Each structure stands twice: as C-alpha cells, then as structure tokens.
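Chains as they are written, first to last, in my numbering: chain A, 1 to 48; chain B, 1 to 839.
It should be emphasised that the hints constitute simulated quantities derived from the structure, not laboratory data.
As the structure is a computational prediction, the values presented were derived from the model and not from experiment.
For each residue, glycine too, the CB sits at the ideal point set by N, CA and C.
There's no promise every hint is true.
What the hints assert, rightly or not - Derived, one-sided and incomplete: chain A residues facing chain B with beta-carbon distance under 10 Å:
| # | residue |
| --- | --- |
| 1 | Ile5 |
| 2 | Ser11 |
| 3 | Asp32 |
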Amino acid sequence: MSALIVLLSISLLVAGGFLIAFIWSVRQGQYDDDCTPSIRILFDDKEK
Amino acid sequence: MSQSISPSVEVQCYHCGADCEDTIVVHDDKPFCCEGCKLVYELLQENELCSYYDFTQNPGVSPDKSYYAGKYAYLDLPEVHDRIIEFTDGRQTHINWYLPQMHCSSCVYLLENLHRLHEGVISSLVNFPEKKVRVVLDEQKINLSKLAELLTYIGYEPYLSLQDVEANEAPKTNRTLLYKIGISGFAFGNVMMMSFPDYFGLGETQNDHRLQSMFSIFSVLLALPVFFYGASGFFVSAWKAIRKRYLNIDAPIALAILVTFVRSLYEISTQTGVGYLDSMTGIVFFMLLGRYFQDKTYSVISFDRDYKSYFPVAVTKLGARNQEEEVRNDALDNSEIENKDANHRSPVTDHQILVTDLQPGDCILIRNKELIPADVRLISERAMIDYSFVSGESIPVEKTRNELIYAGGRQVGGAIEVEVTKRVSQSYLTQLWNNDSLSKKQQVTQSTMVSQINRYFTWTLLGLGISGLLYWGLMGDLPRGINAITTILIVACPCALLLSDTFTNGNMLGMFGKHKFYLKNAQIIENLSKIDTVVFDKTGTLTLPDDAQIQFIGKPLSQMQKRIVRTLCEQSSHPLSRLIAKSLSHVPKEQLLSDFREIEGKGIEAKLGEDCLIRLGSAQFASPLIAGIPSAKQDDNTSHVYFYFGDRVLGYFEIQSQYRDNLPQTLTALKQKHYQTFLLSGDKPTDVEMLGNLFGSTSQLHFNQKPDDKLQFIQKLQEQGRTVLMVGDGLNDAGALLKSDVGVAVSDNINNFSPACDGVLQGSQLSQLPQYVRLAQSGRRIVVQSFIISLLYNIVGLSFALTGTLSPVVAAILMPASSISIVLYTTISSRIASHKLLK
Numbered sequence: 001m002s003a004l005i006v007l008l009s010i011s012l013l014v015a016g017g018f019l020i021a022f023i024w025s026v027r028q029g030q031y032d033d034d035c036t037p038s039i040r041i042l043f044d045d046k047e048k
Numbered sequence: 001m002s003q004s005i006s007p008s009v010e011v012q013c014y015h016c017g018a019d020c021e022d023t024i025v026v027h028d029d030k031p032f033c034c035e036g037c038k039l040v041y042e043l044l045q046e047n048e049l050c051s052y053y054d055f056t057q058n059p060g061v062s063p064d065k066s067y068y069a070g071k072y073a074y075l076d077l078p079e080v081h082d083r084i085i086e087f088t089d090g091r092q093t094h095i096n097w098y099l100p101q102m103h104c105s106s107c108v109y110l111l112e113n114l115h116r117l118h119e120g121v122i123s124s125l126v127n128f129p130e131k132k133v134r135v136v137l138d139e140q141k142i143n144l145s146k147l148a149e150l151l152t153y154i155g156y157e158p159y160l161s162l163q164d165v166e167a168n169e170a171p172k173t174n175r176t177l178l179y180k181i182g183i184s185g186f187a188f189g190n191v192m193m194m195s196f197p198d199y200f201g202l203g204e205t206q207n208d209h210r211l212q213s214m215f216s217i218f219s220v221l222l223a224l225p226v227f228f229y230g231a232s233g234f235f236v237s238a239w240k241a242i243r244k245r246y247l248n249i250d251a252p253i254a255l256a257i258l259v260t261f262v263r264s265l266y267e268i269s270t271q272t273g274v275g276y277l278d279s280m281t282g283i284v285f286f287m288l289l290g291r292y293f294q295d296k297t298y299s300v301i302s303f304d305r306d307y308k309s310y311f312p313v314a315v316t317k318l319g320a321r322n323q324e325e326e327v328r329n330d331a332l333d334n335s336e337i338e339n340k341d342a343n344h345r346s347p348v349t350d351h352q353i354l355v356t357d358l359q360p361g362d363c364i365l366i367r368n369k370e371l372i373p374a375d376v377r378l379i380s381e382r383a384m385i386d387y388s389f390v391s392g393e394s395i396p397v398e399k400t401r402n403e404l405i406y407a408g409g410r411q412v413g414g415a416i417e418v419e420v421t422k423r424v425s426q427s428y429l430t431q432l433w434n435n436d437s438l439s440k441k442q443q444v445t446q447s448t449m450v451s452q453i454n455r456y457f458t459w460t461l462l463g464l465g466i467s468g469l470l471y472w473g474l475m476g477d478l479p480r481g482i483n484a485i486t487t488i489l490i491v492a493c494p495c496a497l498l499l500s501d502t503f504t505n506g507n508m509l510g511m512f513g514k515h516k517f518y519l520k521n522a523q524i525i526e527n528l529s530k531i532d533t534v535v536f537d538k539t540g541t542l543t544l545p546d547d548a549q550i551q552f553i554g555k556p557l558s559q560m561q562k563r564i565v566r567t568l569c570e571q572s573s574h575p576l577s578r579l580i581a582k583s584l585s586h587v588p589k590e591q592l593l594s595d596f597r598e599i600e601g602k603g604i605e606a607k608l609g610e611d612c613l614i615r616l617g618s619a620q621f622a623s624p625l626i627a628g629i630p631s632a633k634q635d636d637n638t639s640h641v642y643f644y645f646g647d648r649v650l651g652y653f654e655i656q657s658q659y660r661d662n663l664p665q666t667l668t669a670l671k672q673k674h675y676q677t678f679l680l681s682g683d684k685p686t687d688v689e690m691l692g693n694l695f696g697s698t699s700q701l702h703f704n705q706k707p708d709d710k711l712q713f714i715q716k717l718q719e720q721g722r723t724v725l726m727v728g729d730g731l732n733d734a735g736a737l738l739k740s741d742v743g744v745a746v747s748d749n750i751n752n753f754s755p756a757c758d759g760v761l762q763g764s765q766l767s768q769l770p771q772y773v774r775l776a777q778s779g780r781r782i783v784v785q786s787f788i789i790s791l792l793y794n795i796v797g798l799s800f801a802l803t804g805t806l807s808p809v810v811a812a813i814l815m816p817a818s819s820i821s822i823v824l825y826t827t828i829s830s831r832i833a834s835h836k837l838l839k
C-alpha cells in the first residue's frame with residue numbers, strides 16, 4: 001500500500017517533468033514553425 | 001577564379017538572365033552580370049543546390065535596378081522605421097518581413113545565408129510556412145532600405161503594406177492552445193492509468209477500497225486543470241452562442257464535459273462509483289487536437305486584407321521647384337525619365353512621405369507600375385494609366401496634362417508627376433471599397449451542413465435523455481433515470497461529428513492549397529460542391545494578363561530588322577510596343593539607330609544610319625507613303641502594328657490577346673457535367689465567334705459590363721434559383737465575386753488578393769476547375785460517411801446508456817476509439833479522393 005503511494009508519486013513526478021519540458025519547449029518557440037527545421041537540417045554547414 | 005572581360009557578344013547572366021552589358025564575371029565557366037549574382041550562385045553551388053537552376057532557365061529573377069532604386073527609401077523615415085521593426089537596442093535590430101516569392105528549400109538556404117551576402121546582416125531565420133524571414137541586422141552597416149533592396153535584388157521582394165504601418169498585428173501563433181493540449185494530454189494519460197485498477201477489478205477488501213479512494217483523489221486533482229483551463233475555450237464559445245440565442249457546435253461539447261465532470265465528482269464524493277474522468281479528459285484532449293489542426297490549416301494565408309494592402313506605404317513627394325522647367329523636361333522625352341530617375345530630381349528637396357500624410361496640393365512622383373494612391377491631377381505632359389485594377393479594362397487610357405486621374409490606376413511607362421487633389425481616405429477607390437455591396441459580408445455560418453445536423457443531433461439527444469429520465473422516473477427508479485440522462489449526454493457527445501468535419505475540411509483545404517487553389521474557409525468547400533453555374537470574367541481571367549500572340553505578317557524579317565524592331569519598341573511605353581519588345585527579347589539590341597521620335601497616337605520612328613527611315617505604328621502612320629502593302633483584315637479581335645523600313649512597308653505585327661492553355665477542355669468538361677457557363681467582360685466584344693463556340697452560344701457572352709452590371713447579372717441568376725461560381729480578377733469583379741455563392745479570384749501572383757473573394761486560384765490551374773468542384777463534392781461525401789460512422793458508435797453507446805448500464809470502461813473505450821477511427825478515415829479517404837481527381 002505505502003509502496004504504491006511512493007511509486008505513484010514518482011510516476012507522477014516523472015510525467016510532470018515531461019509536461020514541464022513540453023511547456024518549456026513551447027515557450028522557447030519550438031512549435032512556432034514546424035516545417036522549416038525539417039528543411040534546414042538537410043543543409044551542410046560548411047562555414048568558410 | 002573569376003575574371004572580368006569586356007563583352008564582345010550579347011551574353012546572358014547565368015543566374016538572373018539579364019544582359020551582361022558592362023562587364024561579365026566568369027565563374028565556373030558560367031557568365032554572371034555582377035558579383036552579387038556570382039555570390040548567390042556560389043552559395044547554392046557549395047551546397048549542391050544547383051538543381052535550383054534546372055527548374056527554369058535563369059531562375060534568379062532579379063528585377064531591373066531602376067525598378068527598386070529609391071523605392072524603399074521610405075523605410076529609413078523615423079516614423080515608418082519604428083513601426084516596421086520589431087525590436088532594437090541600438091546595435092541590433094530585428095525585423096520580420098513577409099517575402100511572398102519564397103517557394104522552395106533553396107530559398108530557405110539562400111535567405112538564411114544573407115549574412116554572407118552582406119556583412120551588416122547578423123543572422124536570419126526563415127519561417128517557411130508563413131513565408132517570413134526574421135533578420136537581425138546591424139543598422140550601422142546596413143539600413144532598412146538597403147536590406148529591402150538586397151532582398152529585392154536576390155529575388156525576394158519584401159511585402160510591406162500600409163496595413164503593417166497602420167496597425168501592429170498581434171503574433172498569430174497561438175501558444176495557449178499548445179499549453180492546453182500539453183496539460184490535457186498529461187492529465188488524460190495519468191487519469192487513464194489511475195482508472196486501470198478499477199477496470200481490471202479491485203477487490204472488496206478494506207485495502208482495495210482505500211486504494212480506490214486514493215486513485216480517485218489523484219484523478220480529481222488531475223482533472224481540475226483540464227476542466228478549468230483546458231476546456232475553458234469550449235465553455236466560453238458555447239456561452240457566447242447561447243447568449244445570442246443559437247446553439248453552436250461547441251454547446252453540446254461543453255454540456256457533455258460539464259455533465260461528465262459533475263457526475264464524476266458526485267460519484268466519487270458519495271463513493272458510489274469511480275466516475276468518467278478518463279473519458280472527460282480524453283474528450284478535451286482530442287477536441288483540442290482537432291482545434292489545433294484546424295488553426296494550422298487556416299494560418300497559411302491571411303485573407304483579411306483591404307485596399308490598404310495594395311497601396312504603397314510611402315511615395316516620393318517632390319520638393320518645391322520650378323514646375324515649368326519640369327514639364328519641358330517631360331515633354332522632351334518621356335521614356336528617358338525612367339532611366340534618369342535618380343539625378344532627374346533634386347535630391348535635397350524631394351523626400352519620401354507616408355501615403356496617409358498626403359495633403360491636397362502635394363506633388364508626388366509615380367514610377368512605372370506604381371499604384372496611384374489618391375485622386376490626382378496630372379502635372380506631366382502625358383501619362384498612360386492602366387485602370388485594370390478598378391475597371392478590368394486592360395488597355396491603358398491616355399491622360400494629358402491637367403486631367404484628373406482616379407486612385408487605383410497604375411502608371412505604365414515612364415515616371416510621372418502628379419498633384420494630389422484629395423486625401424487617400426476620400427479618394428474614389430477608397431469610397432468604392434467602402435461601398436455597401438463590398439463591405440456587407442454575408443454572415444451565414446448557420447446554414448452549414450454540420451451546424452444543421454448538429455442542431456438536430458443536440459435536440460434529439462436532449463429528447464432521448466428526457467424520455468429516458470421520464471421512463472425510469474415513472475417506473476419509480478429515479479436514480480436510474482438520472483443515471484440514464486447523464487450517461488446519454490456523456491456517451492453521445494458530438495466529438496466524432498465535430499472531428500469528422502474539422503479533419504475532412506482541414507485535409508481538403510490542404511489538398512486544394514497543394515494544387516494552388518487557396519480557399520478562405522471550409523464553408524467554401526460546401527458551397528463549391530453545390531454550384532450549377534459558372535460565370536467567367538474575360539480579361540486577366542481567361543486571357544493571360546501580360547502575354548499575347550504576336551506574329552509578323554509579310555516578308556519574313558531578317559535578324560537585323562528584328563534587332564531594329566526590338567530596340568525601337570523599347571523606346572516606347574505603349575503597351576503594344578512593350579508586347580512586341582517582349583516577344584523579341586531573345587534578339588540583341590541594335591546600336592546604330594538614332595533620332596528616336598514618338599508621335600502620340602500614331603507610332604514611333606527612328607533613323608538607321610544617315611537616311612534610312614524606320615517607322616512602327618498604325619496603318620495611316622506607315623502606309624500613306626507607299627501603296628501596295630499587305631493590308632490586314634479589319635476586325636475587332638486583333639491589333640496591328642505596321643513596320644515601315646527604308647522605302648516600303650514590310651508587313652505588320654498581328655497582336656492577339658492570348659487565352660490560357662486548356663481553356664476549351666475546361667469549358668467542355670464543365671459543359672459535360674451540365675454546368676451553365678457565362679462570360680462577363682468589361683471589354684468591347686472580341687473573339688465572339690470563338691468564345692461563342694466554347695460557351696455553347698453567343699447569348700451566353702456579355703460584353704461592356706460595368707462592375708455594377710456584373711453584380712446585377714449574378715443576382716438575376718440567383719433569383720432563378722441558380723448557385724453561381726464567379727471566376728474573376730481584380731476590383732472590378734469585386735461586387736460580382738461577393739454576390740456569387742462562390743467567388744474565385746484568378747491571379748498569377750497569389751499574393752495579389754481581391755477584396756471580396758472566397759478563394760484564390762493560381763492562373764495556371766484554371767483548367768483544373770472542374771476537378772476542384774468534384775473534389776469539393778467528394779469532400780462533402782466523406783463528411784457524410786464519417787457522420788454515419790460516428791452515428792454507429794453513438795448507437796452502440798446509447799444502447800448502453802438508455803438501459804443505464806454504461807460502465808466507465810465501455811465509455812473509456814468508445815470515446816477514443818470513435819475519435820481515432822474518424823480521424824483516420826477522413827484523412828485517408830480525402831487523400832485518396834484528391835489523388836484520384838487531381839494530377
């Protein structure tokens with residue numbers, strides 16, 4: 001019983017961590033443009 | 001690697017296709033007209049993006065220098081500057097500009113490497129779907145006007161309009177929705193996890209009961225933010241609609257969420273059950289996902305433009321000077337002024353002024369192809385005004401000194417000087433725009449198929465629920481009755497209905513967009529599927545706006561004569577001259593011509609060497625000199641330009657406006673499907689016979705139609721019970737486009753919007769019109785089919801609900817299953833439909 005409570009709290013903490021990571025990434029603007037990065041990744045960055 | 005050689009033959013720049021006139025820069029065995037073009041080529045080559053050059057020849061469209069020289073000087077005015085930029089700290093300035101020409105990954109690459117083209121650019125970041133570029137620049141090294149020129153030079157002219165300056169638009173991306181999705185998804189997953197023990201059976205022991213209540217408490221805690229934050233949008237929208245006394249699609253959803261939440265709280269607090277919190281959080285999560293998808297499909301094109309977006313932001317106001325001298329200059333040689341722009345005006349007294357600040361009496365300079373922003377009086381000797389933007393008449397009107405020119409005209413040819421007579425806000429164009437027929441947007445969101453079904457659905461549901469309540473109530477089992485009505489509302493939530501509509505329409509809009517047909521909203525798809533009459537405008541819609549069929553009739557011209565014709569035509573701003581010059585752009589210029597003279601309304605002449613006279617122009621201008629020339633059949637369909645060379649007329653150029661490709665097939669396809677087709681044209685009757693054949697009979701052709709006539713015509717058709725699709729362009733069709741059930745503007749540059757249209761169709765895609773209509777029809781079919789699917793789910797759910805035996809586990813399976821299968825079905829079937837019909 002008490003083990004379950006501990007486990008449940010841990011699992012909620014982990015999931016909450018992911019939620020916070022998601023909110024952080026939205027704040028960063030990572031979801032503002034979901035198309036250009038897919039193009040950008042194909043460019044070589046050969047800086048001269 | 002690169003070297004400069006002097007030109008001996010005419011060489012075209014590999015990048016931009018311009019004549020390399022002064023110097024040629026050779027790099028990689030390819031000629032370039034300047035270092036800039038070479039640099040762009042190098043950038044692309046380094047990254048093996050040279051396939052850019054395979055798409056078309058000389059793709060780097062770099063406009064003529066005279067086109068943009070000085071055009072952006074207004075950006076450096078403090079009052080414009082501050083409203084155009086996003087942020088500055090003195091060293092770094094951020095701008096976010098819309099570049100409509102952006103179209104492929106090479107564009108992204110080029111634009112993100114701006115810092116290699118100019119040291120003043122610190123960095124640049126492209127947002128491809130929005131076609132925007134965010135540039136961080138150092139204004140010490142490059143000012144805004146230089147940056148705009150740089151972008152224009154490499155082929156991406158920034159789109160800056162009066163609208164940008166007048167109001168600062170709020171950022172469009174809706175991050176709140178993403179937060180809501182994140183939180184709802186988090187809660188949904190975890191509540192589901194807490195519910196599993198109950199689904200798989202908890203025992204009756206003391207321990208199991210305590211576990212159960214602990215899980216329930218966690219579930220309620222997780223559901224609270226979903227109910228109050230995630231679902232808030234649905235409640236607000238439903239409440240607004242109810243206050244206006246109608247039921248929108250959000251109303252039953254809000255009701256379902258509310259009932260589910262309250263009943264779950266009741267069950268948990270009285271320990272009579274575990275509630276349906278997993279279903280509730282699931283509904284909210286899926287609905288929010290649907291809404292996000294919907295927002296994404298609409299964000300691509302903004303249709304909320306008005307006349308202001310067509311106007312230039314600023315114009316060149318002329319300083320006080322001796323106007324008499326000015327006029328004499330103009331009269332001397334109109335065509336040369338364009339080239340002399342920069343030194344022709346005294347730079348000290350001329351300055352850029354915001355269009356909104358123009359006062360009557362101000363003298364302004366209008367360059368070639370610039371829109372005249374206010375009603376003005378002409379100061380220059382002569383101007384050719386193209387009113388196609390307002391009236392649809394494609395042939396420019398000639399204006400002479402002191403004549404009034406209305407706003408909305410475009411100068412064709414050299415720069416002209418004009419005096420403003422009315423403020424922009426009082427001009428003819430602005431008033432036309434604010435005309436009732438234009439500003440009255442039909443607000444008929446009520447009549448859509450979905451909202452109709454939704455209303456029936458909601459009332460049926462309430463009816464069923466109340467009868468369930470009454471039945472069990474009369475049977476003496478009131479708790480069971482309440483149980484029945486609440487479960488009905490929970491299970492029969494119209495999520496699937498809403499999702500099927502959202503996703504089908506979203507997919508359809510995407511498919512149309514992919515094939516260059518941009519619709520304003522989903523309602524248009526439904527309207528498009530119902531049309532039975534198609535009305536076309538002629539000029540610019542059926543004909544190509546700047547193309548014509550030109551052939552020379554007479555003795556074939558030698559290469560030298562072609563060169564002479566090209567050079568001669570380039571001296572004139574007359575539209576026919578321009579068309580001929582364009583058709584001969586592949587031959588080089590002739591250097592030996594001299595003594596150019598343009599005789600107004602007749603033609604142009606020049607001398608080759610000492611005494612060889614050359615004339616191009618009307619028959620009277622060229623032919624009275626010598627008889628016996630090949631004479632042209634006189635009809636209204638074509639224009640003729642005669643060519644007199646040395647001592648005789650060699651023949652004439654026949655210029656015929658060119659119709660779009662595949663026009664006959666398009667109209668035949670429409671006729672086969674029993675659509676009525678009509679033609680409405682503002683022009684004089686031309687090609688009557690040919691068009692009569694295409695449209696079925698000449699009675700379907702209507703010429704000399706003023707904008708108001710067009711509107712009346714559409715109205716008459718509608719009074720006969722017809723559903724009309726109007727295909728037109730420009731402001732002259734605006735009334736008709738708005739009046740029609742679906743108004744589609746045809747444009748070769750999709751960023752030129754017509755004010756009142758429901759959709760914009762790329763000119764080259766006009767031949768696909770019948771297929772678009774069929775796709776719209778299959779779109780409606782898919783919505784109906786997915787309605788049936790969701791109805792099946794509802795029947796299963798309701799059969800549980802009416803007997804009052806819906807267990808949480810069944811609800812938790814039915815809800816996501818119906819949502820997911822609807823999304824899959826609509827996505828897959830709309831893709832299949834568009835794949836079959838288009839391409």
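Going through the hints against the structure:
1. The beta carbon of Ile5 of chain A is positioned within 10 Å of a beta carbon in chain B (closest approach about 7 Å), and the interface hint is therefore held.
2. Among the interface hints, the one on Ser11 of chain A holds; its C-beta lies about 8 Å from the nearest C-beta in chain B, closer than the 10 Å criterion.
3. With a least beta-carbon distance of about 5 Å to chain B, the hint placing Asp32 of chain A at the interface is held under the 10 Å criterion.
In this structure, none of the earlier numbered hints is contradicted; all agree with it.
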